[in-house]
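Since the structure of chain A is provided, determine the placement of chains B, C and D on it from the hints.
There are 4 protein chains.
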Amino acid sequence: MLVTMKNGARTEQVMRVRDCAERSGLRTKEIHSAAGSLVIGLVGDDSLCPMGLEALEGVESVEKEKHPFKLASRQYQNHDTIVRVGDEVSIGGQKIVVIAGPCGIESEDQLLDAAIAAKDAGAKILRAGLFKPRTSPYGFQGIGLAGLGILEKVRDETGMLLETEVLHTDQVKLVEPFVDMIRIGMRNMQNFDLLRAAGRSEKPVILKRGCSATLTEFLLAAEYILNEGNPNVVLCERGIRTFMTETRNTLDLNSVPLLKSMTHLPVIVDPSHGTGVYSLVTPMSRAAIAAGADGLLVEMHPHSETALSDKAQQLTPADFRTLMAQVSAVAGAVGRSM
Amino acid sequence: MLVTMKNGARTEQVMRVRDCAERSGLRTKEIHSAAGSLVIGLVGDDSLCPMGLEALEGVESVEKEKHPFKLASRQYQNHDTIVRVGDEVSIGGQKIVVIAGPCGIESEDQLLDAAIAAKDAGAKILRAGLFKPRTSPYGFQGIGLAGLGILEKVRDETGMLLETEVLHTDQVKLVEPFVDMIRIGMRNMQNFDLLRAAGRSEKPVILKRGCSATLTEFLLAAEYILNEGNPNVVLCERGIRTFMTETRNTLDLNSVPLLKSMTHLPVIVDPSHGTGVYSLVTPMSRAAIAAGADGLLVEMHPHSETALSDKAQQLTPADFRTLMAQVSAVAGAVGRSM
Amino acid sequence: MLVTMKNGARTEQVMRVRDCAERSGLRTKEIHSAAGSLVIGLVGDDSLCPMGLEALEGVESVEKEKHPFKLASRQYQNHDTIVRVGDEVSIGGQKIVVIAGPCGIESEDQLLDAAIAAKDAGAKILRAGLFKPRTSPYGFQGIGLAGLGILEKVRDETGMLLETEVLHTDQVKLVEPFVDMIRIGMRNMQNFDLLRAAGRSEKPVILKRGCSATLTEFLLAAEYILNEGNPNVVLCERGIRTFMTETRNTLDLNSVPLLKSMTHLPVIVDPSHGTGVYSLVTPMSRAAIAAGADGLLVEMHPHSETALSDKAQQLTPADFRTLMAQVSAVAGAVGRSM
Amino acid sequence: MLVTMKNGARTEQVMRVRDCAERSGLRTKEIHSAAGSLVIGLVGDDSLCPMGLEALEGVESVEKEKHPFKLASRQYQNHDTIVRVGDEVSIGGQKIVVIAGPCGIESEDQLLDAAIAAKDAGAKILRAGLFKPRTSPYGFQGIGLAGLGILEKVRDETGMLLETEVLHTDQVKLVEPFVDMIRIGMRNMQNFDLLRAAGRSEKPVILKRGCSATLTEFLLAAEYILNEGNPNVVLCERGIRTFMTETRNTLDLNSVPLLKSMTHLPVIVDPSHGTGVYSLVTPMSRAAIAAGADGLLVEMHPHSETALSDKAQQLTPADFRTLMAQVSAVAGAVGRSM
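Residue numbers (the numbering used here), protein chains in the order written: chain A, 1 to 338; chain B, 1 to 338; chain C, 1 to 338; chain D, 1 to 338.
If we strip away everything but chain A, and leave its shape as in the complex, we get (with noise of 0.2 Å):
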């Protein structure tokens, strides 16, 4: 719930509506409205909150949030999020962010000329992936732990920020010396414990889209995040489920306009998965940042040919640049840079 303070309310006034409702198990969250007046978030179970709040002096008015997520709305907050990935780059102000890399690590030789790879044509993050979600319990499963030292070596040698996917709450807190930041990718936006476990972690975390999540329910997912005291989330819109068969996923870029307009979370799309098909991921990026997202996910292999999985979706070192230079042109046409 929303609780508005009349203008002028006192301090006192703002505690005792900040008491009644943590007295009811309820956290409260000050919120400045561009009206100038004072709103006070009433965060968790609606059904908890106080009767008879209105009657209390100094509350102009008391609502109900627009939405069922809450510190994830712009009635929470209504200036963009803006998320720092190590000390230089940030996602969700004026510049795009780049994040590539191959969908697995494969070797300490492939992570190393990928990163050489994106970082020539300008990306700022390198996926790395150690951990991979497989359909099928014989699929190659990521090279797991032991590729620890290959992450250190990379960001030694190249000083690349690296992001991860994380796939159990007992790998948040072995990946984060090695990473800049995680991730939670498709099948788990719905792994609550997980999300809760990212919650606690003071890395910035990626959150994709299920394949067949409507916002409200994504909005919710970071949700649970938020909720644990890490405000750093970025989500990513990566295809959806439909009756399409032409296409692995369908790239839904609707959710970019849609998701901006209900959070100040900042939004990453990756045509690579939200495509499938190798020769759609350039032309859907350009889309997706003339769309208004702040970054792309991007799947890159320096010997895509010899790729252990994703083979049809992973961009060639060359390709990638290309992809770059039109991402840019995009980018100046809708006042942004990369």
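Derived by calculation from the structure, the hints in this document are not laboratory data.
Among the clues, some could well be false.
To be verified - List of simulated lysine-lysine pairs, DSSO-like, C-alpha gap at most 30 Å:
(1) A/K203 to A/K153
(2) C/K66 to A/K64
(3) A/K311 to D/K6
(4) D/K66 to B/K64
(5) C/K311 to C/K153
(6) C/K153 to B/K311
(7) C/K64 to A/K66
(8) C/K311 to D/K64
Just chains B, C and D now, with coordinates in the frame of chain A:
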């Protein structure tokens, strides 16, 4: 089937292949392949294809087409089709073409105001719907033939090119003298008699994608029109039906680059029906052009607050001018102009 | 709108309400509610509903219908519609009715064999398709009007009732003398001119659900037919398009009990198109009847290995007899008979 | 891969094939084919399959499996798996098994009342959810481990078998002493660590289908469990996400006969989540059994008007008894009993 002739095949050898196919009830189309050799496309039911074509003199090989459509495919025509509308407008070339206007004609004043606003902002063709297919028999069904006089008046006064939807075979001939382009809506994408009637028209045809059509089905619908002799088909992506409820449809921009690779026909995008959400029309228009679309079909109403249908998605003239300015910038970034 | 009259309202008061509505362009329907009071349904565009009806003498209340369709709803008619086909068959009553026959007519012998096999197994109506709507212009388009003589012959020799699909308004009158029932296919569920033509026919109509239609859209399509004066509409669930690729369509049996609660019209199920998989036709037929369907529309071909279309889903006569025996047992378990 | 041995192949020839496969990192499973010959299934990553197996003495042929899953397929085990729960209940045999109970445990009284009502009506296993996966972090998350004592009490007092959902790997061992069956919910169908943990449990596992999972993906998820050594997996269809909004999900009964043809594992149906509509639970339960399901998982609440979650779909005890009577009649019609 595609019959590739040997280099240096003689005219009588080519004639024999054509004769043989035509006696079996197939039509033939001569195609000059990129490699320089002559290819004869056999148009019709593949099961009628005569045995033994490979053995004819001068024949190099006989192979099945990659797709079930033929005339629409890049194997039958590799260069882009450019559809002329009126004397001065071409869809499918370097220039982006925007079609705009109200959801349906409501009055002479309304259409005239819309035409002027559309023209001023740079639209080249006016959307001018006489007949409205409505989900309910009790909804406003369009002004009908009573609107033909309005079309004449608006064309005379503004010089705008006009397009209108046809719902029944009989309407094709009726509207032809009054408009420059006819449109087949998404509900009729597989109304095969209507497609055939449009295929016998001299006017170019906008064919909208059915809301649950694959691209192969979409191109087979276009093939019905091409197969009757009308080569001027413009494909229009207008959103598909998915599990998403936060938008009216899911505008599927993946279809734009994918269609461009499958067919030589121009592809435009309708972001108004494709999203059904006012605030998404402009960002998705930018994205459509960035993805490679050849044009847009946008609902704009001079007095949208009083519109008789689709109130929620028709732009005001002011917002339409903003759209045109932003789309123009993106067009420039991808090497196109308005 | 639904106008409920007070108990004991006088005839002239009722007349005044009807007059008032009819002068506004609405039609009226007298409904006797379960509670015993007289309700006047106002059929047409709700926005035409005259102001002040509540204030007329004898009027108890005025309220909006629960659904956008009217004549099709249980608010307008609570008892089940029973559709008579020929002299002896009724759809929608206690008895389950099975319609069976080949996907399309191929020859006199084929249809005659099919009719005999269908009749022997207990089917009451023969599926006898003259016109085949085909995704490709090069597919077999049906035998067309040349098949009318075959219909006559088969009817004379076997006494079977016949049904056939119509694709164009002109075909309705042409086929009427030859068949007992006409069918509108899923691609034409929103071909509104065709619906209106069927609404002016004297034959009962099978209306198939569009493959991406909601039930409200389905019933609004039925409303187009009812609104022209033909009350004999049988709804047919035939599968929806989903992400599933292991079946051709997803037969949506939820629609059966849901439709039965929304409308008084009979509901049958087409498990052949609904699944597209031979081995699923019989189990899904059992399930349809268990869910409450009033009948089935099943593809059965006397020589299915040589069928010109839909080879994969047409039952052999032997398998059709098994289906009938199993369906009969399930019908008994839910209080129905064959 | 499936290695078929020649008739009369000697033991040492079989041993050599197994050795060869196991040295390549594959496991082997001896299968006795219907034709009487010995087949050796090679379980693991097909790309590891050693070259030259065909050339080994005693080998008749080597072929790829029809599906990407192995242990779950009918090629690896043709006879139906019968899953024992407790001492007296079997799922997958002639008898239909019904699992019923509230959406979640709310109190000892609630679960005890539910157990008694379920048992009286003929249910064999009690649904007893400790942990509730909730879309919102602010929703009721279940009673948690505090409910373990309730489970003990209810088991002691009623003798009912119990099943409960696990959300995290750590919960598997914790709940094992208290329940007879564990359940993995639809959001966790591809939580691969959780599947592996269930695969190491001694309890039978209900695996619910993800709401956008194909059947191949579903069976690959089951394969994760089987591959860890737990053969007792019961598949549960619970509705898929489609464009339909008039039901919460689209219960996909096509999956029942299709799964039964692809796998030897038992298949049950959850009509409560599968439809989300109270009035559809009973008809869709009848339809599920008619389609060939081996059991049902039904939400029933002793006081459903005060339920803390899923109020709209939990049956009253009285309606549940009606369901049981109707399902029993349908079971009889398809040769099953309760």
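Exercise. When you check the alpha-carbon spacing of C/K153 and B/K311, does it fall within 30 Å?
Worked result: Answer violated: C/K153 to B/K311 is near 55 Å, above 30 Å.
Problem set entry | Restraint check for C/K64 with A/K66, where alpha carbons must lie at most 30 Å apart | Between C/K64 and A/K66 the Cα gap is close to 27 Å, so the pair holds against 30 Å.
For this session: Would you mind confirming whether the straight-line C-alpha gap from C/K311 to C/K153 stays at or under 30 Å?
Result: 25 Å, holds
For this session: Quickly compare the C-alpha distance for C/K311 and D/K64 to 30 Å and report which way the hint goes.
Result: 27 Å, holds
For this session: Decide if the proposed pair is consistent with the structure: C/K66 and A/K64, CA atoms, cutoff 30 Å inclusive.
Result: At roughly 27 Å apart (the allowed maximum being 30 Å), A/K64 and C/K66 satisfy the hint.
Exercise. CA of A/K203 to CA of A/K153, is that 30 Å or under?
Worked result: Cα-Cα ~20 Å, so holds.
For this session: Take the C-alpha atoms of A/K311 and D/K6, compute the straight-line distance between them, and say whether it is at most 30 Å.
Result: 38 Å, violated
Problem set entry | Pairwise hint evaluation, B/K64 against D/K66, where the allowed Cα distance is 30 Å at most | 27 Å, holds
The earlier numbered hints that this structure contradicts are 3 and 6.
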